[in-house]
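2 protein chains.
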Amino acid sequence: MAKDYVVGIDVGGQTIKLGVVDARGEVLAQKVIKTSSDPSAEVVVSEIAQAVRDIVRESGKEGQIRGVGVGAPNGNYYTGTIAFAPNLSWAANGSIEFAKMLSEAIDGIPVSLTNDANAAAVGEMTYGAARGMKNFIMITLGTGVGSGIVIDGKVVYGSDGFAGELGHTTAVRHNGRLCGCGRCGCLEAYCSAIGVARTAREWLAMSDEPSLLRTVADITSKDVYEAAKEGDKLALKVFEFTGRILGEKLADFIAFSAPEAIVLFGGLARAKEFLTEPIERAMNENVLALWKGKVKLVYSQLKESDAAILGASALAWEL
Amino acid sequence: MAKDYVVGIDVGGQTIKLGVVDARGEVLAQKVIKTSSDPSAEVVVSEIAQAVRDIVRESGKEGQIRGVGVGAPNGNYYTGTIAFAPNLSWAANGSIEFAKMLSEAIDGIPVSLTNDANAAAVGEMTYGAARGMKNFIMITLGTGVGSGIVIDGKVVYGSDGFAGELGHTTAVRHNGRLCGCGRCGCLEAYCSAIGVARTAREWLAMSDEPSLLRTVADITSKDVYEAAKEGDKLALKVFEFTGRILGEKLADFIAFSAPEAIVLFGGLARAKEFLTEPIERAMNENVLALWKGKVKLVYSQLKESDAAILGASALAWEL
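Quick note, the sequences are listed as chains A and B, same order.
Numbers given in the working numbering equal positions in the first sequence, counted from 1, plus 47.
Numbers given in the working numbering equal positions in the second sequence, counted from 1, plus 47.
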């Protein structure tokens, strides 16, 4: 029987999303599972294997699954391991041979694994905004800032499988904010959802400027976005600042791989009406003349609810 | 007859170096020509074609040349053109179809062209310090700062052929020096031979610190190097500063492509006894934990007099 379907799995800290996907990017069946509290890797793998069997049966495509693609934090494409992933309790303190374990638990169906940002890049190239592109850089603006770099149609994994950590390049060299990675001034400390909320909180504390945000407890990036939509000046300046920092770093990335486009993805990318202009301005001010106005800034075209599954599933087509 | 030899051509502003090279990187015959003053592109190409015929005859390898590789400023691998190269009067104001013109002038022998830093990277991979490496970044520290990025054994050319302009990523974000490219704060403005001389001159002007360099007119990077060898404190601090800035940027580059090694090449790389320690320190301080102490810093192993020819010639093996 032709194997014309794949399974995509997005592994997150609290939830794991799975779907059966066809070649056009239609999700035929999907499921979200919550991991049991403080599970072992063996338990997580067996729960996922059960869920894979469930959705494959539900989709009616038993025996037609070509492979399984997995996007997971700190997932390594070369080794198939998930190692020292702070957000996954079962893989926080060691290296888990996830691809091998899962493949064994689902009757030997091959499993391919990478980190979530690389999976998003493959998904965008296979089904989304980067279809037909051979050279682009995917930036995921979520809780953190991730990246997937595509050169000549292939994701860049580098010598060790960990290439494409652009969230941890330095955006602010002096007195930069402490990042979750332990270094200071990382792009992620400024241009993630957490970074945006932090900028707002810092600016509120530093000035008396009136703002809708002054009445909000525990400000999130969503609060800043809502305030900006109401025309709140401080919130608008937060996005202006965030966009400028991102645009400055994008200019450096362009000098590296001369991409056709930068693709933005993730929760924060929803604020595109406030981010696009400052990003494009800073990007074009900071590139060599030959790239000014040439590199497109585009936004993910994957349906948000399906994006994580689609990204991961796209990996499996290469199996 | 087997075509077991290649020709390498290094195109510079004043001089053009050519050589016939075998598969082991031996230069069998070579020649340096000076371009006539203010020549047209046609004249330059015909002078080069004549020189190619001369060295091929001299080497006794007529009919055995597989191809010609050319390294030239602003050389584009995809199009075979040299375009808007400020240091080449005959290609400063337009786009010259150099590869096509030269190939026609030498009886159709195929010609491959790229910029000088990419040629150096291919040379290092074929004959030098990067033999056996699939992922490395070549940084050329000369009058300017160039780069050639190798991923999975291939030079990165990007969507337009101009990828790998790491000398024009931003090293100093605020009040950075004006660079030759018209932007401010570029790595090249600090870590080139010209940048080193400029740092020395600025520091001499700003302080009364005694230095051997105070008696030198028109300070060059070589003067700074000589003074450092004499133990001159200011000169030593100049290299410390230069190395730190380079190391900080190398950390960003590592986050991009996770290379096995950084290979340094060019005149300034001769100052390795003063540069290595500050580069490695800044590099390792600024990378994610997973790369600390992992990425090798190595120096070109090509014989300096042959390096430019070897780099260009290595391109031709792929023809």
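Because the hints were derived from the structure by calculation, they are not lab data.
Check the hints yourself; a few may be wrong.
[What the hints assert, rightly or not] Cβ-to-Cβ under 7 Å is the rule here; a few derived chain A residues that face chain B:
1. ALA152
2. SER206
3. CYS228
4. CYS231
5. GLY232
6. GLU249
7. MET253
8. ASP255
9. SER258
10. LEU335
[To be verified] What follows is a list of derived Cβ distance ranges for each label pair:
11. A/SER352 to B/LYS341: 34 to 44 Å
12. B/LEU337 to A/SER93: 40 to 50 Å
13. B/GLN348 to A/ALA336: 26 to 36 Å
14. A/LYS269 to B/GLY141: 50 to 60 Å
[Said to hold, decoys possible] Computed cross-link-like contacts, DSS-like style, restricted to lysine-lysine with a CA-CA straight-line distance of at most 27 Å:
15. A/LYS350 to A/LYS50
16. A/LYS181 to B/LYS181
17. A/LYS341 to B/LYS201
18. A/LYS181 to B/LYS201
19. B/LYS341 to A/LYS201
20. B/LYS50 to A/LYS201
21. B/LYS50 to B/LYS201
22. B/LYS181 to A/LYS147
23. B/LYS181 to A/LYS201
24. B/LYS201 to B/LYS269
25. A/LYS108 to A/LYS147
26. A/LYS201 to B/LYS343
27. B/LYS319 to A/LYS181
Note that beta-carbon positions come from the ideal geometry of N, C-alpha and C, so glycine has one too.
If you take the shortest Cβ to Cβ gap from A/CYS231 to chain B, is it below 7 Å? At about 10 Å, which exceeds the 7 Å cut-off, the nearest Cβ of chain B leaves the hint on A/CYS231 violated.
Falls inside 40 to 50 Å, the C-beta gap from B/LEU337 to A/SER93? 29 Å, violated
May I ask you to test the hint 26 to 36 Å on the CB atoms belonging to B/GLN348 and A/ALA336? 35 Å, holds
Would the stated hint for A/MET253 survive a check requiring a Cβ distance to chain B of less than 7 Å? Violated. Min distance 19 Å.
Can you tell me whether the CB distance of A/SER352 to B/LYS341 sits inside 34 to 44 Å? 39 Å, holds
Under 7 Å is the threshold here; is the Cβ of A/LEU335 close enough to any Cβ of chain B for the hint to stand? Holds - the Cβ of A/LEU335 comes within 7 Å of chain B, reaching about 5 Å at its closest.
CA of A/LYS181 to CA of B/LYS201, is that 27 Å or under? 15 Å, holds
Interface hint status, A/ALA152 versus chain B (Cβ within 7 Å): 28 Å, violated
Supplied contact hint for A/SER258, tested at 7 Å Cβ to chain B: This hint is violated: A/SER258 lies away from chain B, its Cβ roughly 27 Å from the closest one there, beyond 7 Å.
Against chain B, with CB atoms and a cut of 7 Å, does the hint on A/GLU249 hold up? 19 Å, violated
Would the hint linking B/LYS201 and B/LYS269 be met if the CA-CA limit is 27 Å? Not OK: B/LYS201 and B/LYS269 at ~34 Å, beyond 27 Å, violated.
Does the alpha-carbon distance linking A/LYS181 and B/LYS181 stay inside the 27 Å limit? 20 Å, holds
In this structure, the earlier hints numbered 1, 4, 5, 6, 7, 8, 9, 12, 20, 24 and 27 are contradicted, and the remaining ones agree with it.
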